[in-house]
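Colleague: Let the sequences and hints guide you as you build the complete structure.
Residues per chain are reported as follows:
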Amino acid sequence: MIKLTNFAIAATETGRAAQYGEGNPFLEWAWLIVIVPFLAFLAIVFFGKRLPRRGGEIAVGAMAFVAVYAAVLFIMNVTGGVEFVGDPVEVGKIGTFAIEWGWVVDGLSSMMYLVVGLLAFLIFTYALGYMEGDVRVTWFFAAFTLFAGSMLLLVSAPNLIQLIVGWEGVGLSSYLLIGHYWEDKENSSAGMKAFYVNKVADIGLIIGAFVLAIPVGSFRISDILTAVVDNPEAIETVAMVGAVLLFIGAMGKSAQFPFHVWLPDAMAGPTPVSALMHAATMVTAGVYLVARMFPLYAEMAADARGLVITIGAITLIIAGLLAVVQDDIKKVLAYSTVSQLGYMVAALGAGAYTAGLFHLWTHAFFKGLLFLGAGSVIHSVHSNNMSDMGGLRKPMPVTFSTFVAGTLALAGIFPLAGFFSKDEVLAAFNHEGYTAVLVIGIIGAFITAFYMARTVFLTFYGTYKGHGHPHESPKVMTVPMMILAGLAVVGGWVNIPGLYTGFTEWVGTRAHPIAEHHAESFDWPVLAIGLTAALLGIVAGYLLYFKDKQTQLERDTFRIPLLWPLLEHKYYLDDLYLGGIVNPIKGPIARFVNWTNSYIFDGIVNGAGFLARAVAGVVYGVFDQRGIDLALNGLAFTTDGAGGKTRLLQTGKVQQYAGATVIGAALLVIGFVIFR
Amino acid sequence: MLLNQFLILGALLFSLGIYGLLVRRNAVMVLLSIELMLNAVNVNLVAFEAFLQNANVGGQIFAIFVITVAAAEVGVGLAIILMIFRNRTSANIDELDLMKW
Amino acid sequence: MDHEAMMALSEVAVSLELETPEMTLNIGPQHPSTHGVLRLVAQVDGERVRDIKPVIGYMHRGYEKISEVRTYPQITALINRLDWVAGYANEIPFIVGAERLMELEVPDRAQYIRLILAEMARIASHLVFCGSYPLELGAGTPLFFALRERERVLDLMESVTGGRFHLNFNRLGGVKPAAGAGSNTRKDIQDLPKGFYEGSREAMGRVLAVCDELDQLISGNEILFARTKGVGVMTPEQAAAYGVSGPNLRGSGVAFDLRKVEHYLPYDKLDFNVVTRQAGDCFARYEVRVDEIRESAKMVVQAIDSIPSGPLQAKVPKIIKVPKGETYMRAENPKGEMGYYIVSEGGTGPYRLKIRTASFSNISVLSELMEGVLIPDIVAIMGSFDFVLGEVDR
Amino acid sequence: MPSNPSDTADLQGTLFAYAEHVADVLDAEPVVVRHGTIKAHVPRDSWIDALTKARDDLGLIFFSWLSAIDWSNKVEVGDPPTEEVDERFEILCTVGDLSEGKRITLSTEVSKDEPTMPSATGVYRGANWHERETFEMFGIDFVGHPDLKKLYLVDGFEGNPLRKSFPLLSREVKPWPGTVDVEAMPSTENPEA
Amino acid sequence: MSFGLELAIKLVVIAALIPGSALVLGYAELKISAHMQSRIGPYFAGGRFGWAQLLADGVKFIQKEDIIPDNADRPVFKVAPVLVMISTATLFVVLPFGPGGGFVVRDLNLGIFYALAISSVGTIGILMAGWSSGNKYSLMGGLRAAGQLIAYELPLVLAVVGVVIQAGTMSMQGIVEAQIAQGWPYAFTQFLGFFIFLVAGLAELSRTPFDMPLAESELISGYLTEYSGFRFLFFYLAEYASMFALAAIAATLFLGGYGFWGVSASWTGPIFFGGKILLIGFVIIWLRWTFPRFREDQLQTLAWKWLIPLALANIMVTAVFKVVF
Amino acid sequence: MTVADWIAEPTNWVYLVLALVIAVSALRVVTSTNVVHAALFLVLALAGTAGLFLLLSAEFVAWVLVLVYIGAVIVLFLFGIMITRAPTGPNVEVDHQRRAPAAMAAFLIFIVTAGSALTAFGDKQISNLGRGTSTEVIGEQLLQRFVIPFEVVSFVLLAALIGGITLARKDATPAEEMAREGSDA
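Protein chains in written order, with my numbering: chain A, 1 to 676; chain F, 1001 to 1101; chain L, 2001 to 2394; chain X, 3001 to 3193; chain Y, 4001 to 4325; chain D, 5001 to 5185.
None of these hints come from the bench; they were simulated from the model.
Any given hint might turn out to be false.
Stated by the list, open to error - Cut-off 27 Å, straight-line C-alpha distance, at most; resulting in silico cross-link-like pairs (DSS-like, lysine-lysine):
#1 A:93 x A:185
#2 L:2321 x X:3149
#3 X:3102 x L:2260
#4 L:2053 x X:3112
#5 Y:4010 x Y:4031
#6 L:2260 x L:2194
#7 L:2194 x L:2321
#8 A:475 x A:465
#9 L:2298 x L:2260
#10 L:2176 x L:2053
#11 L:2260 x L:2053
#12 L:2269 x X:3074
#13 L:2324 x X:3074
#14 L:2324 x X:3102
#15 Y:4031 x Y:4064
#16 L:2324 x X:3112
#17 A:49 x A:475
#18 A:49 x Y:4305
#19 L:2318 x L:2229
#20 L:2229 x Y:4305
#21 L:2318 x L:2298
#22 L:2053 x X:3149
Modeller: Written as structure tokens, this is what we have:
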């Protein structure tokens, strides 16, 4: 175990020459990667409308820059290993805590830069075609650029404050983008839902950040991690709490159970948004956070890892099951993402740092591809529902072939990207001894293959059930898909146990207090079982959705009695949140106010009235005949008059209030002078 | 010059403003009375400043602030009156008693 | 309009109007920019015009009724007072109409003289517009430039006819012989005064020059653009429905000129263009008039070059009686289409004379154009229509 | 048409041909061509119909003018008609096109006992002022006019000046001296004139 | 010479200068406009060149009957021209006609600020005139004037700020001395400010192309409609006197005032200064007889969308230069 | 300090004149029956106040008062009065009937403030007025010591600007307005 002297530590262990990057202009200027999207955002907002493509070209240009720059950084990392922390700029101070802005280029972040930059570039290009003719296309690209920029800001963060700023930026822009078609109430409420759920989780992140930062005395991640390694007793007491709280934040962003509810609803946004959100930016933020803070989980808060892996496993399985019942093609993919994120989180929880990130890496390619394919289909048939599709293989050959490539990659079929990453995750479960999780993972692999097969068969085979004439999408949309399809095929070849494990080195240059197990070769039994499960899933899908002509027409004839309604209602989670949390809070407050109003206040008033009447009645009965009318009437008159006059005090006339105030103030002063 | 001669003038202006504030029905005239009161404050501020001869001239600076805020107040106040006038074709403040019981 | 509005006009007391958020503003009948006694009753909200009604009749003289007790030569003198800015042009359609009823053959030379004078009248009228329109928009100087050249034109007309405004130079069957001229005069001697041709050529050159001067001085001015472009846009459909004619119609992009289609003077022997502008806004109407001055000046020069010699007057009886018949004759006057429907019962005067004037139809469209404009736009739009109240009220 | 008839033989031809076309389209009877003017008579009941056809079918979109003639044998001013005429108002309306200079004058008759006409404002918006003028000058009521009130005359004015029965008051007091051109000036009887 | 006597003499000179300047500029306007329009202009009055034309006009105005409309608010109606005149006249106090104490009534520390503050008072007089006339056209003219003057006071003040930053003083003589010391007038460095000042100044003077408050073709004569006789004469005098004052302030701020390329001898001061004032006066007259007038909304657009941002930019640039160099 | 001493000081004469003008016009501001007159009397009161400030050698504040208050605020007032066309005739009732309690309250306030001033400051003198306050000092203090209030005030101004525009701008089209008026009636 090496001491962390800086945020980034020497990469010598990996056997490569450390390149600290001092004086290397590419690293010194790496902050451009973060700044350019924000500048592009401003440029689009101010000048976008006047440009021929309404600002899209600025966005694509900025992303092209980011992608190229990220590729350069990545290649530097691959060839030489990069560890660089830019000199932080002090923005302000909270007490003794400096608020800084800086940027990090190391293995993890350079990988993330590349993923974000490359996918954003491809998806933005795709969006040029997809969003053409949209009313708010300028605003879309502005928010989209902001989205990517926030993610880059988050990734480049050397301290928790900057990370939180980027984190919130991602949340904000996702809110804007999900609610892009705000004319429909549903869409805007989907945006709100995403925002709220994330906000709830963010509370954990923010508190966690402070919990960790206060004993250490700094928000710098390097300082915190150094303290973790060097000086465990200083933060021993808070590490566990902090880790759990940070993970709650990550759960929100990465849509882990029980915060996963927002992600499927977020499909209300335009498809490019979904693609970027699922592939590279938003949902990976949580995984990135856990990976970034991995030493904390690995060293100090090992118990927290139990939580992480549990949550990951639960998410993995329930989301996979949900994906099976969806009709909306994007929701299938959305639940699929949740499920795959479960894999990543579980892998990190199991201590398999590389495996988790590797799955993130491959997932970015094929999930981006799948979303673009789904978008292409939606663009063509003008519906999200698979019940309106079918038989699209012929009219949309490019979409079909790329989509199938993505499906196979996601299902984990050899030799596509998903195969290697999923296998590595499963192998890690096996190696670390989480057998239950391994079983869940294998079942998950089966389910994954099954629902993806279902999607493909329902969408591209059988007969067309929609309206209008489907057509292939324009070049500007298909070319990014083809590029991604290529990456989905070859993306996994960078980490083949026994053959070439470059990826381990690329992302592993940083957090090396972790003694991570690296398999020398495939874990053959697990591999065999996993692959078999995936193949079985595909076969099951084939049988149910291709062979059975009945399902071609009616869709989902097989319905497991108890499970099906549960899945259709998404485990009743939304109902639980609404009925269990929102309404109980909302209702009692309203009821309490109403009750106070009707019983206490009215009661006082009515009671007073009743009392007065009773007294009057008695008085009337007893004294009236005695001829003391004068006194009685006087009394009643006084009461009535007093009440009436008191009521008149509230005239609603400002000047009378002002007059009373003035006189009162003057009298108060006089009173002070006299009685002092 | 006595300090008090300014203070008492200020007090006089202020109480005249109070009188106007209480007695006027027309909202514009109420605003005018408020201006009078703010001006009384200015007199006091500048008089105290001249009396104390402070190096940081806080009195004068705050008089300037008061003037500025008065400008803002008039802007918003007149806009409100304009709107009320449009909706009710009356600028009489005592007809604006929607808030009463 | 009614008594109430008159009362409102006299009660300029602001305080009495205070309860209404909208204010009634009486523009005219005595107002610098109404070209006489037009009155506009405008409902304004601040500077914004909500509703506007032109009120006319302040100088109604009953010409149609009077004409029923007049002889044809008397009417010729009378109708000079319709459009007093171009008095001569008013005579043309009436005289031509009466000649048609009498089936008179008018000598060519007389026709050319009529044409020259009519075009000069058009130049004079348009020059007044080109000077006074900028004045209404606040630029005082162009007026003097325009009127300076108008004087030359008026001088020329005076040298021929002896009158400057109300020429009364036409006779049934020809034009009035100049003093001392016989019925068969040679060119350049008696019928037209000495030096008229040279003077005209020179004057037309100056007119063309002043058009360029106006262009330099005012037509390219940004403020003028701001005030007139896009203001008071009249569509061709509106123009046709309201009978708007002349330069106003051509400013809306309709290339329609009675000189080309009505065959009443030897215009077909001259080469000239019908000036149009597509925009239909105030600036288009202004530009059309400036260009029409140029066209007219060129026509005058052409006519002088090609004027035939010959008699000035066809043979007519001493007491003129027009045979029974009806006809409608119209002509392209500076303000637009002017026409006379003459019903003759064979007497010395018409049984009924309907006078169709351009300005009357031209301003009937105003209230439609002025809805929702600003008060300064009223002046800009009103001025751009170049109407004369004598024509409106008759 | 120039006043020289010889120039215009072919013009006359086209005019007659057009008049026949007009008669076909408008279903008008009779259509006369006199002195370069096409005048088409239509019944009062089909007045609006004829105007609509003229606008839509003949393309005569340009509204020139609308007025009336008071045909009367007993006149207070001017000379009476040479022949006996029916007592009636004749309504005239001239419309034209904006390309070739075609124009026709539509004519219809309305009785003096009940002088009402349908308003043409629905067909040509510009008829508004013309009808108001005809209303006050002849006393003809235009049914359906949006704003039928006096245009020129003051509010209290009584009578319809262009009716032949309306005397020219100033002439009653003092004859027009210009009539000397035609007949002898009655200066001996009226030395002030 | 005692302080009091000196002050008295100065005040007398200024009191003569106010109508004098109005006469000079008024006559210049008559003649210049005439020659621009191919006319001769005043010719007979006074024997030669019609030099006494305006004097004769003045006599005529004084002789005229003083008409106050029935609906007018009499006291306000009467005070309005006086207020306008006062606000113009007090401007002359700070005009520096030459170096030293002898050529200025009182060189205030806050000279230019004082001038701007005082000149804004005239707006009230115009509003009073418009309102009190009891005439709709007058009221609209008054409202237009008020809207216009408020809108253009901002760019006017902001344009001056640039000069003040560069000179580092608000004293009028100080600003002139700073220009003399610098060697060339501020028109070269503050050319944007100069332009804005002239445009906004034209608007403050309600002269073409910003004469909407008076616009005789729309509002007859705006707030002047009901004025006649010597009250009208007051407005008339005030108009030309404030034109003179504005030209003088512009000359002081941007053209180096009484200095001329470094020359600042006391006896040449008034000559140079007068020359520069006449130069600016000529430009103002020239514009008056060349341009049509704007529309009210276009005027506001010009002020708020162009002049004020430009003036702010000018201030920023000036401040940056001031700090950097 | 005796009355004679006080009278002997020439500045006090100036003060007296100004104070008289201010007091009288302030009284007219709150008693005048015509809104425009009231606003114009306020101008007079403010002009007098500016004079007082000059007397107290607060030149800058005096001219700011003139420029901002008289030049802008009052103009805005008059503008508003004329635009709203609020009742300006002399016959309109501009006052409540409750003059007496209002006058009592005002008098009470006057007694309290003037009384406390008298007891607190007695015959404290304002002296050393010769130097005047240089604008430079004000500027420096404004942007150094008082920079936070300065910024706050600018935000208040900005907010007032936006608020004023939002409130005063008319959103309804004429047709909508017509409909609203119709439903009211």
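Colleague: Tell me, in ascending order, the numbers of any earlier hints that this structure violates.
Modeller: 1, 2, 4, 5, 6, 7, 10, 11, 12, 19 and 21
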